[in-house]
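So the sequences go chain by chain: A and B.
In this text, residue positions in the first sequence follow full-length UniProt numbering: the first is 1, and each later residue adds one.
In this text, residue positions in the second sequence follow full-length UniProt numbering: the first is 1, and each later residue adds one.
Think of the hints as simulated: they come from the structure by calculation, not from any bench.
Since no wrong hints were added, every one of them can be taken at face value.
Treat identical chains as interchangeable: a pair holds within one or across any two.
Computed cross-link-like contacts, DSBU-like style, restricted to lysine-lysine with a CA-CA straight-line distance of at most 30 Å:
#1 K101 / K201
#2 K98 / K201
#3 K106 / K217
#4 K98 / K84
#5 K201 / K217
#6 K98 / K34
#7 K19 / K47
#8 K34 / K84
Remember, it's a predicted structure, so these values are computed and weren't measured experimentally.
2 protein chains.
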Amino acid sequence: MNVLIIGANGQIGQRLVRKLQESSQHNPIAVIRKEEQLARFEEQGVKTALVDLEGSIDDIANVAKNADAVVFTAGSGGHTGADKTMLIDLDGAIKSMKAAKQAGVKRFIMVSGIGVHRWHDNNHLEWMDSSPYYSAAKYYADVWLERSGLDYTIIRPGSLTNDPGTGKVKVADDLEHEQISREDVASGIIASLEDDQTIGKAFDMINGETPIVEALKTL
Amino acid sequence: MNVLIIGANGQIGQRLVRKLQESSQHNPIAVIRKEEQLARFEEQGVKTALVDLEGSIDDIANVAKNADAVVFTAGSGGHTGADKTMLIDLDGAIKSMKAAKQAGVKRFIMVSGIGVHRWHDNNHLEWMDSSPYYSAAKYYADVWLERSGLDYTIIRPGSLTNDPGTGKVKVADDLEHEQISREDVASGIIASLEDDQTIGKAFDMINGETPIVEALKTL
Chain A
1 MNVLIIGANG QIGQRLVRKL QESSQHNPIA VIRKEEQLAR FEEQGVKTAL VDLEGSIDDI
61 ANVAKNADAV VFTAGSGGHT GADKTMLIDL DGAIKSMKAA KQAGVKRFIM VSGIGVHRWH
121 DNNHLEWMDS SPYYSAAKYY ADVWLERSGL DYTIIRPGSL TNDPGTGKVK VADDLEHEQI
181 SREDVASGII ASLEDDQTIG KAFDMINGET PIVEALKTL
Chain B
1 MNVLIIGANG QIGQRLVRKL QESSQHNPIA VIRKEEQLAR FEEQGVKTAL VDLEGSIDDI
61 ANVAKNADAV VFTAGSGGHT GADKTMLIDL DGAIKSMKAA KQAGVKRFIM VSGIGVHRWH
121 DNNHLEWMDS SPYYSAAKYY ADVWLERSGL DYTIIRPGSL TNDPGTGKVK VADDLEHEQI
181 SREDVASGII ASLEDDQTIG KAFDMINGET PIVEALKTL
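Next comes chain A alone, as it looks inside the complex (with noise of 0.2 Å):
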């Protein structure tokens, strides 16, 4: 499968270009934004594109016509301004969703935060309120994915930390606010890439006991 990478700089993009460079079965092309960054991946043999999300849905529709599946993992996590909060994990994500349409890529897998689908139930997660914009730019961009007719799975991760990663997870509608590291979430995105059953599936994902691939086969 050839898996474009929205957001190939950031630290789950970085994890899910080298996990997917080193299978046998999948090339990922590298979405970056900054020329600066190409040559960190270059190095590595993988492909890269240049775009700007804050650009046309053309540009990005361009660099996604070779792709079977869109992977989204861009964006601010909560730690820039908010402007960029609209224009990328909201606005951003959504143009790569037309754009997906648009190039006639039907696979799309967004990697988004735990509890998000819950943003306007009054008992939502309590992380939500620290940052209700990025809480709320999440959600719309979930929701239209969902409306999308794409054949998406939405990621709901936990909190994140660079511990390595244990291939073990827990998966469901509804989770406690734990943790998870990028790199199991990586992991995730490729076993949903290769299981079908996870098409119109939208989970939280946290630290567990189960093989990830058995994992997903419960939702």
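Fit chain B to the known structure of chain A by using the hints.
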């Protein structure tokens, strides 16, 4: 008609409340955010409701339950921070739509901005690039409303002025970026409330030569 005005203390909101109060057919309910804004409306004998759009949908639904229509004219106009644009212009608007549905209010009028529907077109209006996060917020709120199942009207006024109203406008799907007075926008909202042919319509509105009631009939 009992008309709930969300953003009643804003520059369009105040004019709309006054016009509704003066009419014999309608009763405004002014939704405002701060207690110190109450006096201005109560002195005019206007019903008020204190609601924080960053609060729960239930709170908004609770004040909407006696209304026959909701007008959303709250917002930053691009001058507040992007966090408030996300939480008021986008999330507050969509929470208001959800609240209207929850309260059983079908009629919903949105005050948007000229050309907002073309945000993702490469030839969108120039003003949108000078406040892209504002443009995105308004775009997504409008799209949500169109898909909400509510009896909506989306009015997209040009550059707003404090000139006296002329009672005459130009309306169409796509207009050049010209001015319109807030007074005429308020009149356009009321004329839309009184003309069910505007249900399911979204249109640009600028200064023009045609009396508002007639102009709306051309849509």
